[in-house]
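First to last, the sequence lines map onto chains L and G.
Heads up, the first sequence is in my numbering, so the first residue is 1 and it goes up one at a time.
Heads up, the second sequence is in my numbering, so the first residue is 96 and it goes up one at a time.
Since the hints were derived computationally from the structure, they do not count as laboratory data.
Beta carbons are placed, not taken as given, at the ideal position from N, Cα and C, and that holds for glycine.
One should not assume that every hint holds.
Unchecked claim - Here are the simulated DSS-like cross-link-like pairs (lysine-lysine), alpha carbons at most 25 angstroms apart as the crow flies:
#, chain 1, residue 1, chain 2, residue 2
1, G, K168, G, K119
2, L, K46, G, K119
3, L, K73, L, K85
4, G, K119, L, K85
5, G, K180, G, K168
6, L, K85, G, K141
7, G, K168, L, K46
8, L, K24, G, K189
9, L, K46, G, K177
10, L, K94, G, K119
11, L, K24, L, K73
12, G, K173, G, K189
13, G, K168, L, K78
14, G, K141, L, K78
15, L, K78, L, K94
16, L, K94, L, K82
17, G, K173, L, K46
18, L, K46, G, K180
19, G, K177, G, K189
20, G, K173, L, K73
21, G, K180, L, K24
Unchecked claim - If you want the footprint, here are the derived chain L segments under chain G, 3+ residues with CB under 8 angstroms:
#, region
22, 1-12
23, 17-30
24, 34-41
25, 47-61
26, 75-85
Protein chains: 2
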Amino acid sequence: MQINEFQEMMRHLYFHRDSERGVKGTYDWLVEEVEELREALEEENKEATEREFADVIAWLASLANITGINLEKAALEKYNYKCPKCHQSPCQCKF
Amino acid sequence: MQINEFQEMMRHLYFHRDSERGVKGTYDWLVEEVEELREALEEENKEATEREFADVIAWLASLANITGINLEKAALEKYNYKCPKCHQSPCQCKF
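Starting from the given sequences, assemble the full structure and let the hints guide the process.
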């Protein structure tokens, strides 16, 4: 599925709730899901990890919806087959 | 772009670095990017916000790569045109 299509699906499912909750509340949910992802990773629970990855990208899309950001466009403007820092593919940055 | 294709692009660009850094280090970078997204949102800086949304989905894809998770599959198994809790579209959950 396209990133755009996923974001639009999330808009259809949740925009009425996301817009009521607002930016700060939706951001806080995203943070909570990122924390739950950590817990699933630490437990090495693959099914829970998959569910938490799903939740993080879902809440990220919800947050993009209520802040007027096109997530796919934003992602591809920065990451478009080259590293945005060294402009190489694969990345050759010296850290 | 498909979510899968974005994850594969990130694998091509960064897997050598992500796998060296490991799961915990890559997770910590994701958390850092989520924090930078908060700062950009609070500043109401649209260009910075777009860049931080890009970074969050990029690091999420990197983390998925080194943990063996297919992000698109995980997302669609949980969110597939219906709310996973109430099974309605749009969501009708009572909170």
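### Message
Let me make sure I understand: some of the numbered hints might not hold for this structure. Which ones are they, in numerical order?
### Response
Those not satisfied: there are none.
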